[in-house]
Amino acid sequence: MPQYWLFKTEPDEYSIDDLAREGECLWEGIRNYQARNRLRDEVEVGDLVFIYHSSCAVPAVVGLAEVTATGCVDDAQFNAQSPYYDSKSTREAPRWVTVRVRYREHLPNAITLKDIKSRKSFTDMELVTRARLSIQHVSQKEADELLKQGK
DNA sequence: GCCAACGTTGGC
DNA sequence: GCCAACGTTGGC
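Numbering (our numbering), first residue to last: 337 to 487.
Don't take every hint at face value.
Stated by the list, open to error - Pairs of lysine-lysine residues, derived as BS3-like cross-links and limited to a Cα-Cα distance of at most 25 Å, are as follows:
1. Lys487 to Lys450
2. Lys450 to Lys477
3. Lys453 to Lys487
4. Lys456 to Lys484
5. Lys453 to Lys424
6. Lys484 to Lys450
7. Lys477 to Lys487
8. Lys453 to Lys477
9. Lys487 to Lys456
10. Lys456 to Lys477
Calculated directly from the structure, the hints in this document are not laboratory data.
Just need the whole structure built from these sequences, with the hints factored in.
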């Protein structure tokens with residue numbers, strides 16, 4: 337059984353439309369250990385990912401993607417020009433690993449953070465209880481409800 | 001732009 | 001290993 341996740345992204349930086357255009361991308365720039373640990377240890381090929389737009393006018397779950405590869409080194413950590421540069425990471429022991437995702441679909445009805453906060457079925461979502469974590473687990477029940485609301 | 005909540009760093 | 005100081009996230 338594939339698991340469900342929710343990945344946050346700032347649409348000004350990289351939006352679901354960018355992902356749709358590219359088809360597939362490396363989910364780079366995660367620089368938080370809990371999020372990294374999930375990407376490294378828990379996320380599996382075939383898992384489904386809700387794409388969430390944060391730090392924007394209407395924060396919302398906007399679409400779906402699927403994981404196509406795991407254990408990918410995030411090369412931005414070695415690039416001194418990148419905002420994601422990490423001077424303490426080495427090629428021998430890269431600190432930041434991530435996954436690749438493939439675009440699946442936009443949800444016709446984006447589910448806003450406001451919706452999520454106001455609906456009982458979503459009150460246990462990590463979006464509510466652990467708002468800052470950028471790689472969030474979504475239960476089967478929450479996923480079913482998100483898909484129902486989103487169509 | 002503010003600020004609450006949370007994550008990280010570094011001195012001890 | 002504690003914790004104060006500091007930095008970042010992200011909704012509003």
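Verification of the supplied hints:
no.	hint	result
1	Lys487 to Lys450	17 Å, holds
2	Lys450 to Lys477	19 Å, holds
3	Lys453 to Lys487	19 Å, holds
4	Lys456 to Lys484	15 Å, holds
5	Lys453 to Lys424	39 Å, violated
6	Lys484 to Lys450	17 Å, holds
7	Lys477 to Lys487	16 Å, holds
8	Lys453 to Lys477	16 Å, holds
9	Lys487 to Lys456	19 Å, holds
10	Lys456 to Lys477	12 Å, holds
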